[in-house]
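There are 2 protein chains.
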Amino acid sequence: MMRSVRSLSNNRPPVADKREAILRAATRVFARNGYFNSKVADIASAAGVADGTVYLYFKSKEEILHSIFDRTVDEAVSEARKQLEEMRDPREKLRRIAHLHLERLGADRDLAVVFQVELRGSTKFMEEFSAAGFASYLGLIRATIEEGQREGVFRSGLNAKVVSKILFGALDEMATNWILSKRRYKLAPMGDQVLDIFLNGVSA
Amino acid sequence: MMRSVRSLSNNRPPVADKREAILRAATRVFARNGYFNSKVADIASAAGVADGTVYLYFKSKEEILHSIFDRTVDEAVSEARKQLEEMRDPREKLRRIAHLHLERLGADRDLAVVFQVELRGSTKFMEEFSAAGFASYLGLIRATIEEGQREGVFRSGLNAKVVSKILFGALDEMATNWILSKRRYKLAPMGDQVLDIFLNGVSA
DNA sequence: CACTCCTGAATGAATAGCCATTCAGCAGCG
DNA sequence: CGCTGCTGAATGGCTATTCATTCAGGAGTG
Numbered sequence: 015m016m017r018s019v020r021s022l023s024n025n026r027p028p029v030a031d032k033r034e035a036i037l038r039a040a041t042r043v044f045a046r047n048g049y050f051n052s053k054v055a056d057i058a059s060a061a062g063v064a065d066g067t068v069y070l071y072f073k074s075k076e077e078i079l080h081s082i083f084d085r086t087v088d089e090a091v092s093e094a095r096k097q098l099e100e101m102r103d104p105r106e107k108l109r110r111i112a113h114l115h116l117e118r119l120g121a122d123r124d125l126a127v128v129f130q131v132e133l134r135g136s137t138k139f140m141e142e143f144s145a146a147g148f149a150s151y152l153g154l155i156r157a158t159i160e161e162g163q164r165e166g167v168f169r170s171g172l173n174a175k176v177v178s179k180i181l182f183g184a185l186d187e188m189a190t191n192w193i194l195s196k197r198r199y200k201l202a203p204m205g206d207q208v209l210d211i212f213l214n215g216v217s218a
Numbered sequence: 015m016m017r018s019v020r021s022l023s024n025n026r027p028p029v030a031d032k033r034e035a036i037l038r039a040a041t042r043v044f045a046r047n048g049y050f051n052s053k054v055a056d057i058a059s060a061a062g063v064a065d066g067t068v069y070l071y072f073k074s075k076e077e078i079l080h081s082i083f084d085r086t087v088d089e090a091v092s093e094a095r096k097q098l099e100e101m102r103d104p105r106e107k108l109r110r111i112a113h114l115h116l117e118r119l120g121a122d123r124d125l126a127v128v129f130q131v132e133l134r135g136s137t138k139f140m141e142e143f144s145a146a147g148f149a150s151y152l153g154l155i156r157a158t159i160e161e162g163q164r165e166g167v168f169r170s171g172l173n174a175k176v177v178s179k180i181l182f183g184a185l186d187e188m189a190t191n192w193i194l195s196k197r198r199y200k201l202a203p204m205g206d207q208v209l210d211i212f213l214n215g216v217s218a
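As you go down the protein sequences, you meet chains F and V in turn. Taking the working numbering, the leading residue of the first sequence gets 15, the next gets one more, and so forth. Taking the working numbering, the leading residue of the second sequence gets 15, the next gets one more, and so forth.
Calculated directly from the structure, the hints in this document are not laboratory data. All C-beta atoms in this analysis are idealised placements derived from N, C-alpha and C, irrespective of residue type, glycine included. Be careful, since some hints might not be right.
Here are the simulated EDC-like pairs of lysine to aspartate or glutamate, each with C-alpha atoms no more than 16 Å apart in a straight line [claimed, not checked]:
1. F/Lys75 <-> F/Asp122
2. V/Lys53 <-> V/Asp31
3. F/Lys175 <-> V/Glu160
4. V/Lys200 <-> V/Asp122
5. V/Lys175 <-> F/Asp206
6. F/Lys200 <-> F/Asp122
7. V/Lys75 <-> V/Asp56
8. F/Lys32 <-> F/Asp65
9. F/Lys75 <-> F/Asp88
10. V/Lys75 <-> V/Glu89
11. F/Lys175 <-> V/Asp65
12. V/Lys175 <-> F/Glu160
Sample of chain F residues with no beta-carbon within 12 Å of chain V, all distances over it, derived [unchecked claim]:
13. Lys32
14. Val63
15. Thr67
16. Lys73
17. Phe83
18. Arg102
19. Leu154
20. Gly171
21. Asp186
22. Phe212
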């Protein structure tokens, strides 16, 4: 009750503030208990708001999960697009994609758990997610590979779609293993090992 | 009611019969609705038994899911071990592993959904699964890679653990994409494309 | 063979508890 | 006052699991 100073900065973004808090709390709660075992009441209390408040910002529990995905994927894809714009070498581009991918997940274990574990938790989810963000992410990888094929740095006989799935799958597995591992290690550096083998495998 | 001949062979396995029926029904139900959205009553009716009967064979809904995993992984690993025994070339061994992996999942879409989607649905599950079957499966791949390194067919500078994760991740992604895809295609042949790139990447 | 008694597998209605969502009202502010 | 934003207790629906009961068929008996 009684917040230090309330006026100045606390006026405008109570909205965005609380929404953010709920999203962050939900990420933590989902990561620790799994989506289906998480109670909305847990999320509310972790966010420091009342149960009902959650429904002022989200239509349902499910929408919370969606929002976490959407926000993260949108951010990740647009950030990647931006950084890739200034690059030429397709090999370097793939390295950058891998790095950004693992760096982002490696920086927030809870977020990583939600992505690697909870996202997989229902075909419905995967299909929805698949349609939107995932497709554009895979597309980013594929476009880079096709670019490399045109330039002659990657073998042109390969099916770019399959090749992009291989890279994605390998990175995804690194992330999944990382969250399951008891031993703490840096995730991002794994990307280099993956890329070494991958590039060696696809280079012309 | 009225079973043809009851004595001879019908005496022993009414038990295994029903257990099997429940397991098969559960695989279908879980695959279609997701584990958490599946009602035990749905499984029972799909299996053609009463709700209560399920509890004569399984302690809980969760144990049903476990049993599906355990049975499949055990079968897969021992089958793979057996086939690999008679082979020498590590490259061929990896091809065989990939083939068996995708062949098995490709032959039963429901089972594939349970494995690719439901298995990922909770950290708890993954940890338990991880401990048992998954580790031994990854270990099989790793052992083959190390064997290849000793024989000089694979680059010895590579970390075999990471390399095995890459291969597994790539195969896993093929399977996941396959179940999500609307278009029907054969899963197993994807293994060859994966192996072409993979072997090219790791060969000495 | 005919009959009775048992056994335990199978049943499915009832229970018990859980939890997402709602909403009547409260507090602070201008 | 009149809003706006928030609260949290109450509601309603749902479903895993239990358990009293049924019943088919095997065993024992005369």
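Hint check results:
1. F/Lys75 <-> F/Asp122: 22 Å, violated
2. V/Lys53 <-> V/Asp31: Cα-Cα ~21 Å, so violated.
3. F/Lys175 <-> V/Glu160: 30 Å, violated
4. V/Lys200 <-> V/Asp122: Roughly 12 Å separates the two Cα atoms, so the pair holds.
5. V/Lys175 <-> F/Asp206: Holds: V/Lys175 and F/Asp206 sit about 14 Å apart, inside 16 Å.
6. F/Lys200 <-> F/Asp122: 12 Å, holds
7. V/Lys75 <-> V/Asp56: 11 Å, holds
8. F/Lys32 <-> F/Asp65: 13 Å, holds
9. F/Lys75 <-> F/Asp88: Distance of about 20 Å is beyond 16 Å: violated.
10. V/Lys75 <-> V/Glu89: 22 Å, violated
11. F/Lys175 <-> V/Asp65: Since the Cα atoms of F/Lys175 and V/Asp65 sit roughly 45 Å apart, the hinted pair is violated (cutoff 16 Å).
12. V/Lys175 <-> F/Glu160: 30 Å, violated
13. Lys32: Given that every Cβ of chain V is farther than 12 Å from that of F/Lys32, nearest at about 28 Å, it holds.
14. Val63: 25 Å, holds
15. Thr67: 25 Å, holds
16. Lys73: 19 Å, holds
17. Phe83: Per Cβ check, F/Phe83 is outside 12 Å of chain V; nearest 15 Å; holds.
18. Arg102: 23 Å, holds
19. Leu154: 16 Å, holds
20. Gly171: 9 Å, violated
21. Asp186: Violated, since 6 Å does not exceed 12 Å.
22. Phe212: At roughly 6 Å from the nearest Cβ of chain V, F/Phe212 sits no farther out than 12 Å, so the non-interface label is violated.
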